[in-house]
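Undergrad: Counting with the working numbering, you get residues 1329 to 1567 for the letters of the sequence shown.
In case anyone wonders, no lab produced these hints; they're calculated from the structure. For clarity, every value in this text was computed on a predicted model and none was experimentally measured. Backbone N, C-alpha and C fix where the C-beta goes; we use that ideal spot for every residue, glycine too.
Per label pair, the in silico range of CB-to-CB distance: (1) Y1476 with R1513: 17 to 25 Å; (2) F1461 with R1357: 42 to 50 Å; (3) E1349 with I1386: 29 to 37 Å; (4) I1454 with A1536: 31 to 39 Å; (5) L1562 with K1358: 45 to 53 Å; (6) K1351 with V1561: 49 to 57 Å; (7) E1349 with R1423: 21 to 29 Å; (8) E1349 with D1493: 29 to 37 Å.
Lysine to any residue pairs mimicking SDA-like chemistry, simulated, CA-CA at most 25 Å apart: (9) K1443 with V1523; (10) K1369 with F1340; (11) K1355 with V1413; (12) K1557 with E1467; (13) K1557 with R1440; (14) K1494 with Y1537; (15) K1336 with I1368; (16) K1367 with I1414; (17) K1338 with G1411; (18) K1452 with M1515; (19) K1369 with K1426; (20) K1351 with I1394; (21) K1338 with Q1403; (22) K1338 with A1385; (23) K1367 with G1411; (24) K1564 with I1446; (25) K1494 with S1526; (26) K1557 with T1538.
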Amino acid sequence: MPEVVAVKVKRFDGKRSWWQEYKVELKGRKISVLDVLLKIKEEQDPTLAVRYSCRMAICGSCGMVINGVPRLACQTLLTELKGDVIAVEPMWNHRVIKDLVVDTEPNFEKLREVKPYIIRPSVKEIYESEGEFGQTPEELDKYYNFAYCIECGLCMAACPIVASDKNFLGPMALNAAYRWSADSRDMGWKERLDVIDSEHGVWTCHIAYTCSAVCPRGVDPGFAIQMLKTAIVLRKKRP
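Kindly generate the complete structure, drawing on both the sequences and the hints.
TA: What follows is the structure, given as structure tokens:
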């Protein structure tokens, strides 16, 4: 027998915000929240705005808050959710554009500040290289987990410091700062240091680890931030 599921969506039209409830008839709960939202959009309310792309938890486009937890809608199955009502709202700590669509550009502005790419003394060395930049498995292990970040912004939505300090670089950018600084091919530590070690850099983090708890790819940005703190202190101690 078909099952009727209640879905509450926090709407926003540019002027006002309100909760709207939909009743969705499903053949089972082995379906993602994104599929349910698209079913609502296609069959009940074409005005509902939701951002999505790959549907495979790779692009990071469909981040939102589901039953009080920042998650990817395409990765979240109804079988994982408790209760009779599914409550969906836009990602916290982001400016809402419409309904579930938020402005993520500030996240990427902060990401650009930490220069998320390999920095070498000579640009020519990268673009006109005569050989490969080899790495050992041990060197790869130092940053590999942190490279899984898909820049979905869920960590930014979960971070209590981002909620109170909009200038805080945040876990997404700082994770990238550690990922590239830990790369044996990179020589850009000094170029990133002024930003990382600034008033709104790593020291603003209160180690809540909510960022790591919600990462859909198992990245640990909270640990990355603590590693950056350690690296800064150790280098300052050097004569």
